[in-house]
Amino acid sequence: MEMEREAGDGGHFENSVPAEHAEVVAALEMPPPHHEAFELSSHPPHLDEDEQTSVASQGGGVGGARAARRVWLNRTNWPAAEQQDAVDGTTGPVAPQEQRFCSNYVSTAKYSVVSFLPCFLYEQFQRYSNCFFLLIGLLQQIPDVSPTGRYTTIVPLFFILFISAIKEIIEDFKRHKADNETNKRKVEVFRSPGSWQWVRWRDVEVGDVVKTKNESFFPADMVLLSSSEPQGMCYIETANLDGETNLKIRQGLAVTSCLLETAQLDRFVASLDCEPPHFNLYDFSGRLNLRDRPALALGPEQLLLRGAKLKNTNWVFGLVVYTGVDTKLMQNSNKAPLKRSTLDKVTNSQVLILFGLLVGLCFVSAVFNAIWNSVNAEKHIYLAIGDVVSTNFVYNLLTFIILYNNLIPISLQVSLEVVRYFQATFINEDQEMFHAESGTPAAARTSNLNEELGQVKFIFTDKTGTLTCNVMRFKKCTVAGQVFEAGDQLDLTHPDAAQVCQFLTLLAVCHTVIPERDKDTILYHAASPDERALVEGAREFGFVFETREPESVTVRVLGEQQRYEILHVLEFTSNRKRMSVVVRTPSGRLQLLCKGADSVIFERLRDRSDCEITLRHLEEFATEGLRTLCCAVADISHAHYEEWKHTYHKAATALHDRELRLEEAADLIEINMRLLGATAIEDKLQDGVPEAIAQFLKADIHVWILTGDKQETAINIGYSCRLLTPGMNILILDQGSLDNTRDKINEYTQRIIREGSGGETSRDSDFALVVDGKTLTYALSYDLCREFLALCTSCRSVVCCRVSPLQKAEVVGMVTTHTAHITLAIGDGANDVAMIQKANVGIGISGQEGLQAACASDYSIAQFRFLARLLFVHGAWNYARMSKLILYSFYKNICLYVIELWYAIYSGWSGQILFERWTIGFYNVLFTAAPPLAMGLFDRACSADAMTKYPLLYKSSQLGSAFNRNVFWLWIFNSLFHSVLLFWLPLLAFESDVVWSNGRDGGYLVLGNTVYSYVVMTVCLKAALVTHYWTWVTHLAIWGSIVAWFIFVVIYSNFWPLVPVGAVMAGQDRMVFSSPVFWLGLVLIPFTALLPDTAVKIGVLWTNKSLEESVRETEVRNRDPSRIMQKERSSPVHAQERLAKYGYAFSQEEHGAVPQSEVIRAYNTNLPKPEGM
Amino acid sequence: MCADVILKDPTSECTCDITFTLDKDFAGKVYMYYGLTNFYQNHRRYVKSRDDSQLLGRLNPKPSSDCNPFTTTNANDTRAIAPCGAIANSLFNDEIELISEKLGQVKLLNTGIAWPSDKKMKFNNPSGDLTEAFKEYAKPPNWRKNVYELDPNNPDNNGFENEDLIVWMRTSALPTFRKLYRRVDHTATGFVQGLLAGNYLLKIKYNYSVKPFDGTKRVILSTTSLLGGKNPFLGIAYIVVGSICLLLGVLFLLIHIKCGKR
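So the protein sequences, as listed, match chains C and P.
Residues -12 to 1160 (my numbering) make up the first sequence, in order.
Residues -1 to 260 (my numbering) make up the second sequence, in order.
Please note that the accuracy of each hint is not assured.
Each computed PhoX-like pair below joins lysine-lysine, with the alpha-carbon atoms no more than 20 Å apart [claimed, not checked]: (1) C:1092 <-> P:256; (2) P:256 <-> C:1084; (3) C:685 <-> C:235; (4) C:366 <-> P:6.
These are computed hints drawn from the structure, not numbers from a lab.
Bear in mind the structure is a predicted one, so any value in this text is a computation, not a measurement.
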């Protein structure tokens, strides 16, 4: 086997470099013209402008305008005269790099110290209400216009902004902390000139050689130089970047793979040219320039990306080429978009409508004022209102705008902020969502979406790391009609023992796993997690795979060493769905060992008669959600082998359609097999995943799986997490063209309509859709999108497999934009970031090492199962709380401030206020601030237990029944009604002006303070009426607010003249509180106002009780609510369960940097590995 | 009519006599109020047209601009007005006497009509001799007397501390309002029990013009109960709301009997 892998080897390019490099290949074969991108003969490397741009344009056409980068290694050792910039006559010490690159500091935080103020203000003033209050505050500065003084709006506004700012700072501070944690991780770096040193990640620079150890992440994008493995190979896990579970192989160039020691590194002088940074994960081109050799081409198979993890390799040396924001990981992450909850948007639009109403009201008032003035201004000489300010229409309009501005609650934003902050704290502190094993609590990274969690209709979940633990375990096998479980003892006296031994030997021999001896134990390194599980499974039964040499493997079979000569490896591809090895057994016989999907194995069996029982077992395994593989063996005669070897060799060296020809060749020998048995591997699910999914389905939430894995794997997981059930019709959409996709979509839609019409609504139909990533590109195209979405939403569940990160985001985006429903995306890796950001709510799985998803998410939880609690308890509660809080805030403000309008009728539309100006200002801050907060923090209809136990309770918040336009306006009218009663009843009671036995008369403020007291009383009692759940805080908030008002009156009435404010308030306490009419009214009037509310509430409770109310009632009475639930929908029982057909799944990289058959030839595990120092 | 006389010449004097009969005794304390209608004491421009600091006796040659246009007398005479502002300027200044047919002049008290808190906290005279203190200040244009001449007989009821002024300065909530004018002195012989039935004469020295704004003036004699003046509203309201509650109670009882046991 030709192992020299230099760029000069044309075969190598043809083998594995994508088509776009064809130009380069041509350049290699002909004497290169001067302007070619990779001019291999030129050295020392000397790029003129032309060349720089041509290298740049090689990079996928991304950075045409940006210069290619040159990275130096040991530049100081390169003769200065040969360097490009030395020509300019630059003297002095040579810098390690000629270009400057950005630092490796990575920030996910929203603000920096400098950008905080402008960014924060920009964000704040995107809210209409804040702009509005700023405007009011400015208007108040015009002299003689404001009826309420100059500072009554601007001061609360600043207060509110201040609180929001504090909240933002606290939240951003946490992000900075998380960033710091990553940025301060240490890594070992070789920096020329000199030696190894530990530096923080953020200090890693372009041109550094980084030593990354097994199981750790790469701190930057690097070019692989060498590794502990033969020929500079290494395994990386990119699940974080693209979501694929299988490991990938990267290989350093031959010239660099020998750099195993510090001294060698120190002597190695090179420069590296590569394209400017871009976001394409799978594209990279560059070249390595050496002093005394032709330059060598670098491709993606040498690139180690930040975010990927080194696996099964002790260490690698990598030359850093992209750092910080230049890394592909960061290029792929876009700034977290500012997400706002639906509730927020509805509120914003209602504020806008309310604002329109307010302007209308002001206009009407100003018109009335003008009419009044035109009739009365002359007559009422004593008013002396001849001047411009009091008669000008515009000025009066402004006056009324200021007067009525509080109809829009200024405190709402700050109440929301505070409540959200605490709700987020509740999420963070929830012990039920604390994952003890990893010590990870749930974390609300933003609090703006708390209530959105209560309205989720679609959940998009990643598979690997989210639903599964990414751990494969050998679970069971069936041999000779018997099922063995992992850990069973072998009975060697059994008549079928020989077949069992052969089966286990196959597992130990037929694979591409590399063993590594670590003292007494053997670690298996595999590109495919399935294979490793199989080899480990065989080991448990005493068939230990011990050594791999280029031509053979050694297996210890029940204590006895056996050497199998590996003649050929027929690789796994998804077309073939199987892999085989041709071996020479210790006894010298030739055998073909094969494992693969049942469908492909069974058709190649010599005798299919006695497979019934195995088939039945396979179905059993599949139903349990296990991944199955069938194992078969064939004896090969020497003659046949010799003949076949020839055919195979021709295929392997073919220049055209090599893959196809290899497949055909393999087909010739993979025949006449004998079935040995089948294996079942468990892709271990995280705890509680099926239960959580069952709950989501009960709550009428659509769950979609989006995964980068293969179709079989995805379907398999669908079964094991019970998203797919054996009775379901599985519709598979894997078409190669737009037209086919359209036809198929139409066909399936028709089928659903046809079959689903049998009584069930289409939504409940038992169809599951499985879509392939390639088909998805067609399905998501503009003209198919709607049909596709309709098909998807009429299926019970959807599984998308082989989807790229971008497609995940597209799918989520499609549902988010084309349906009015709330979407939630949950994932753990960097490949999920896009969809997490696209969904209405993004959830990251935290606790594992990759943090990208968690960092980009809105909420992070440690386990998928916590999502149920997050939605059903926190989400539903928060939604109900926020709805109540918002509605109540509008209610209470309108209730008080619309009284100003009623009063205008009596005050000649002059804009006079009935109340004292600062008491108005404090209404939102002191007397009615606490009840909505208490509501927003502690109110709940049902307990957390009930919420999780009965997912149906989620439906009411999902449908948004607590807050919509109708409910909003109902509250507004309720509030108007109250205000009418609260103004005119006291007015009538105080009509005589004399409400004391001492015969004195009060002024306007006696009436004002009386009305105000009644308003405070009424709104607080209204809060009590709508509160479902009383805590001591609720009591304190509601009763405390009323008491606070009375205390305030007593204090404020005694300010003047000591404090120069509130002259009109002086002595009000004695006047108001000494009037028996006031006290009699205090009992009667709020009671009267709330009488209809109470009556309606009781009436509804008795006649039209909602589900929550029923549950709540039984809870209050300490009864078991399950009785109520029984009459709710029961899940349909399937008369006949169809059998699952999708057991087979196998994950392995295809078309990797190095074919598996070559990887295994490179290893001789008897030889020690280099230490790398 | 006096109203027309006053309208023609605001400085002229005109007295208006009104006789009336009390059919039964007014037992207990009797208060005399004047009532105005269509008088917008609650107009925004009017309400703010005062200088509370000045009324505390802190005289300042430049009163608060809130008092405009009654801050200074006019462009030529730049003396500040005390008390300044539209409220003070429009002080009710009719003088009302009550004469009983049987007992003659009813003694009316002009003190104790304002809230003690107002008198103590909001209205103070400048220190020293009042005439001297207000020498540099002009009276409001509509006034016939200077501020230090409001009650020359009683230094505690003069200047800013005059209770008629204090009562007036407490602006009313509605354009129809009454203000306490005098208390009947029940220590005088014949008035200990209250105001006895009989014929009475109101002698009103007519100074205050309400004709321009189509207003009316009233004089109200009233006793008070614990709840103040006569106003049946609260009583009616209690009865109505109570009845509604009773009705609702019955209704809910029926509903409960019908669908309560489920």
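How the hints compare with the structure:
1. Simply put, residue 1092 of chain C and residue 256 of chain P have alpha-carbon atoms about 15 Å apart, close enough for the 20 Å limit, and the pair holds.
2. This hinted pair checks out: residue 256 of chain P and residue 1084 of chain C have alpha carbons roughly 18 Å apart, not beyond 20 Å.
3. Using a Cα cut-off of 20 Å, the hinted pair residue 685 of chain C and residue 235 of chain C is violated, with the two alpha carbons roughly 39 Å apart.
4. Only pairs whose Cα atoms come within 20 Å are accepted, and residue 366 of chain C paired with residue 6 of chain P is accepted, the gap being roughly 15 Å.
Checked against the numbered hints listed earlier, the structure breaks hint 3 alone; every other hint is satisfied.
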